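K.L.:
Now for the letters of each chain:
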Amino acid sequence: MSEKLPLGLALDLRNVTPYKTGSWRTQKPLNIMQTPPCTHGCPARNDIRGFLRTLAVSKDYEEAWHILTRTNPFPATCGRVCPHPCEEGCNRRDFDTPLDINSAERSIGDFGIENRLEHKKLITSERKEKVAIVGSGPAGLSCAFHLAKKGYKVKIFEAEGTPGGMMRWGIPAYRLPKDVLGREIESILKLGIELECNVKVGINIPMDQLIREYNAVFLGLGAQKGSSLSIPGDDARNVFTGVEFLKAVHSGDKIDIGREVVVVGGGNTAMDCARVAKRLGGNVSIVYRRTRVEMPAITAEIDEALEERIMFRYNTNPVKIVTDENRVIGILCVQMVLKEADASGRGRPVPIPGSESVIPADTVIIAAGQSVDYEGIDIHKRDNKWIEVNSQRMTSMDRVFAGGDAVLGLETVSAAIGQGMHAAYAIEDSIKKQTQNHLASPPVVYSKDLNTYYYQAANRFNKESVPVHIRLKSFEEIYPPFDRKDIITEAGRCLSCGLCFQCNNCLMYCPDNAVKISPSTGMYEFDYDFCKGCGLCARECPCHYIKMTLER
Amino acid sequence: MLKQIEGSQAVADVVALCRPNVIAAYPITPQTHIVEDLAEIVSEGRLKAEFVNVESEFAAASVVLGASAAGARTYTATTSQGMLLMNEVIYCIAGMRLPIVLTCANRAIAAPLNIWNDHQDSMSVRDAGWIQLHAEDNQEAADLHIQAYKIAEQLSLPVMVCMDGFILTHAYEPVDIPDQKQVDDFLPPFKPTHIVDPRWPRGLGLYADPRFYMEAKYIQHRALEKSEETIKQVSADFRRAFNRDSGGLFKTYKLKDADVVVVSMGSIVGSIKDLIDRFEAEGKKVGLLQICSFRPFPREQIYETLKDKTNIVVLEKSISLGRGGILASDIRWTFPKGEKIKRRISSFIAGLGGRNISLDDLRYMVEKVEREPVELEFLGLRQEIIQEKDL
Amino acid sequence: MIENLDTIEKKDLFASGHRACGGCGQALAARMVADASGENTIACVATGCLEVFSSPYPDPSWRIPFLHSLFENAAAVAAGVEVAYKALNKGPVNIIAQGGDGSTSDIGFQCLSGMFERGHNVLYVCYDNEAYMNTGVQRSGSTPLGTRTTTTPGGKKRLKKNIPLLAADHGIPYVATATVDDYRDLQRKVKTALSIEGPKYLHILAPCPLGWGHAGDLTVQICRLAKQTCIFPVFEIREGKIISVQKVPVKKPVEEYLKLQGRFRNLFKKGTPTTDVAAIQKIADGNIERFNL
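Chains as they are written, first to last, in this note's numbering: chain A, 32 to 583; chain B, 1128 to 1518; chain C, 185 to 477.
Treat the hints as calculated values from the structure; they're not laboratory data. Quick caveat: nothing in here was measured; it's all calculated off a predicted structure. Among the hints, a few may not be true.
Unchecked claim - When the alpha-carbon atoms are kept at most 27 angstroms apart in a straight line, the in silico BS3-like pairs for lysine-lysine are as follows:
| no. | chain 1 | residue 1 | chain 2 | residue 2 |
| --- | --- | --- | --- | --- |
| 1 | A | Lys479 | C | Lys435 |
| 2 | C | Lys195 | A | Lys578 |
| 3 | B | Lys1411 | B | Lys1381 |
| 4 | C | Lys270 | B | Lys1308 |
As the list claims (entries may be wrong) - Footprint (simulated), chain C over chain A, 3 or more residues, beta carbon under 8 angstroms:
| no. | segment |
| --- | --- |
| 5 | 543-556 |
| 6 | 563-574 |
Said to hold, decoys possible - Just a few of them, taken from the derived set where beta-carbon distance is under 7 angstroms, the chain B residues facing chain C:
| no. | residue |
| --- | --- |
| 7 | Asn1148 |
| 8 | Pro1325 |
| 9 | Leu1331 |
All C-beta atoms in this analysis are idealised placements derived from N, C-alpha and C, irrespective of residue type, glycine included.
Taking the hints into account, I'd like the entire structure generated from these sequences.
P.N.:
As structure tokens, this is what we get:
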């Protein structure tokens, strides 16, 4: 083929140097990974998008478990007890229904237990520093977990005979089976964490000794002292605080609760007490001085309690325990009416004179608050109740850190886990004498930023609970194990907010072919030599992974 | 083989011998017989070609453009209105240097509508970049087509063979139609230089902005200038192969001692030669310069031939309205201004719209220029039908 | 004979470096068509936006051979290429004639019609941006009712010429319409067309951000709205019968489509639709009935 081509009119297309149209643009697309609202709302900052997408795409439960346990060593536990703030924020809520992240977490956790998956350390070498953890509740175990992964020598001092804290003593078995908890704790300890039980720091070992012998100390004391209402008769037989009651039951003690049981309080502990009492055969009612709306308990707990036919007496406040031969036979209560909001933001309950009545009761459980057992530990508190910590999670004692219920007030297991994780980072910073911003995270992507045209509507995973009458016969879990295929289907509904999921839209919709697949990473990247900045990629990206920014 | 056939038939037969792959056909008087004859040749299987009955001359030119760009040897024919309709494509073909051969059966242009012969149609595209060859008679018309393919494919320039409509196309004359082997020997298979083919991806017909357009046109112009060589060469090769004179840049007749030289193109030269012979018998010395290649205009060679001639009269069937004779313009331009020789170049416009040019008209013209130079005159104008109010 | 009908093709046979405006629907469509057709293709391109932005010397953006001649003869030139390949016994090769709506429905209609009638094995693709965009937004026969262009500043008073149906009435074996937002459908239609012998016609709605008066990033969304408001029905016709229609389960009112485009702002006086909008809605309703959307 002759190469004599007339100028300007015929051209060999194999030797063309394309004109770089990138010089035209005034804005350019950037791939910016953003935080989805689920992770943003999770106290432990779990990579929820990560494990859901792993399940959806590669159906790899093991990989999902490793992603989840990077931040949370208690997936099976949290999958049962967490109130899932992630689901509240899930962007899919504005499209059809939010993802059932909680069930996915539980399914992953159970897989980990069944297959005896092991946590991986982050570094192979051992560090010489030692950290003491006081309390083996979720905060303490979480802190220990993260420090052990980083190679530190960790020892936990637990006052009770078995580890777990409120997870063991507070949460009933029908919510969290003890073998599930036990196996997860075992997994954590396998990282080389030392555990000594029956040692109460402050009593059996003084704090000074720990401070001397260890590079840092973490206090995960929890708030395990039940508060009393200081009403007459509360020292009678069969009057318990909530914590007391639960601990007794969960230690295997036999309690004769009689027939009528009255639980005072509106928090999770009250719900747990009521439902445990119900399973022990009692006729249970809950007395609360405000209404359901103001109850601090998790919604699911209240709903399940109602399902289990526990009676809720709202706007009712105890005045005195009625006793007979120092054993409770009833509780005198007065009706309340809510006036203007008090410090907690809720209406101030005011008794209605003349509305007193006696509720018969064989057992009264007062679950109206908990406080920290500071015996032997002298430390600054805020509001005279909770441990005061600075922004580095350090208490008034140098190199002593704290987290969990003891710091936050009554909160959730997940919050405690998150606290433990952040304390571990703070401890590492303190040991290494560095300051790192662990909380830095990309901006959050909300549903208004998404282009939902490309997602298909699909029904939410429906978890079926055991019928109420069967539930009440035992302390078995009320939700049987989930079908892994169903969970994978549910995970497939994840919109992957803020992270590319290879939908090919940017690749196909760029009129200038300026989106290329990187041969090394397999992710999409922009060819800025040719990108004209039209913005089609950003607009058609379903998960808002592309942001147009002004060109300098 | 010598045959007594219509001019159109001769052209059709010879074109078929050139083995075109694609023929685009649209009928228009007086070219219609050419495409009809080709249709029959193809349908009888004497030529294997794709015969495309297009919906207009514009489409005809476009189809051959596409076919040529794809590497086929192509052919189409048109005239008058059709030539004007395909004007855009004519320029495009030339700019794209596609070696297309086209027969222009010269005919007058509307308005007013007229189907008879003059040269206005081919003149209207003289600037487009095509080689334009004018045939004197049917034999030359046929022969020029064979030469045209050779010239076109050698130079990558399109060639238009002009033959007078009706006068040549519809006249029955003896024409020697060569045999296939002779033509095959003379005209090798087409080897295209630039085509669209997925095996060698190329772009044809790009968009050239001010940085490049002028150079493209310069190159085209130079190519046309240089094509004079090839036109001469191919005519000489033809002579050797077919044993007759045909084509070339121009021919002369009894020019050597002529006092008056007539310059002209097309079939009228036959009549002029007749007249020259009669003048010779009367003792008058008149000569003829018969131009075959109108484009490229062989200025230098015409100058060499005519430099000693002082009385030149240009007879043409075309006019640039508002200016004057087109061929006359080109001839006048051939001679530089300020020459020492006092030269008289006269311009006569004749035969527009098929008006007959008689020997008496020609005699009148020669005798007039013997007496005085004529700036511009319409030969044989019927003054009697022109009214005062028309002027 | 068709392979991989549902595979999405991305080969960049229409490469980067072309001078189209950012967000150009036609550039997008041209690439999708070229990729679907593959390397064994010859593109015969008419003058217009596509040709001007894709074929400047010395850096055209075509990577398949292309042939550009004039504004109105893409169909005839493609026919010429087709007969040449037949005569020279070369091929098979995909021959795709491409032009804008002006080139197809107005000035080039003669060549289009002739090519159809003669039955050439050529796919003709019309990129419909509903005006003479390359010369600066003048109305064409394909401009819809009510559109503001530089030559119809008060809004076009005449209806849009229905070229796909005119093409179908020529008796050609395959006619289809498509939009650039559904690339799977578009490429499938290109491949289907190329597997059929004879003349084929594909009419693609290609929004022009500049001419339609919308931001460059809305091109895909506007195509979607054109379908969802039933203004642009997407269908296939084989041998004169409608064989497939993209149904519209949730039909949106035409305002949603019109409001996004500056070229229709005449239709809204201070945000309220004028009677022309009702006329356009009537056209959309007509489409719903005719194509059973």
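K.L.:
What are the numbers of the hints that this structure violates, sorted from low to high?
P.N.:
The structure conflicts with no hint, since it agrees with every one listed earlier.
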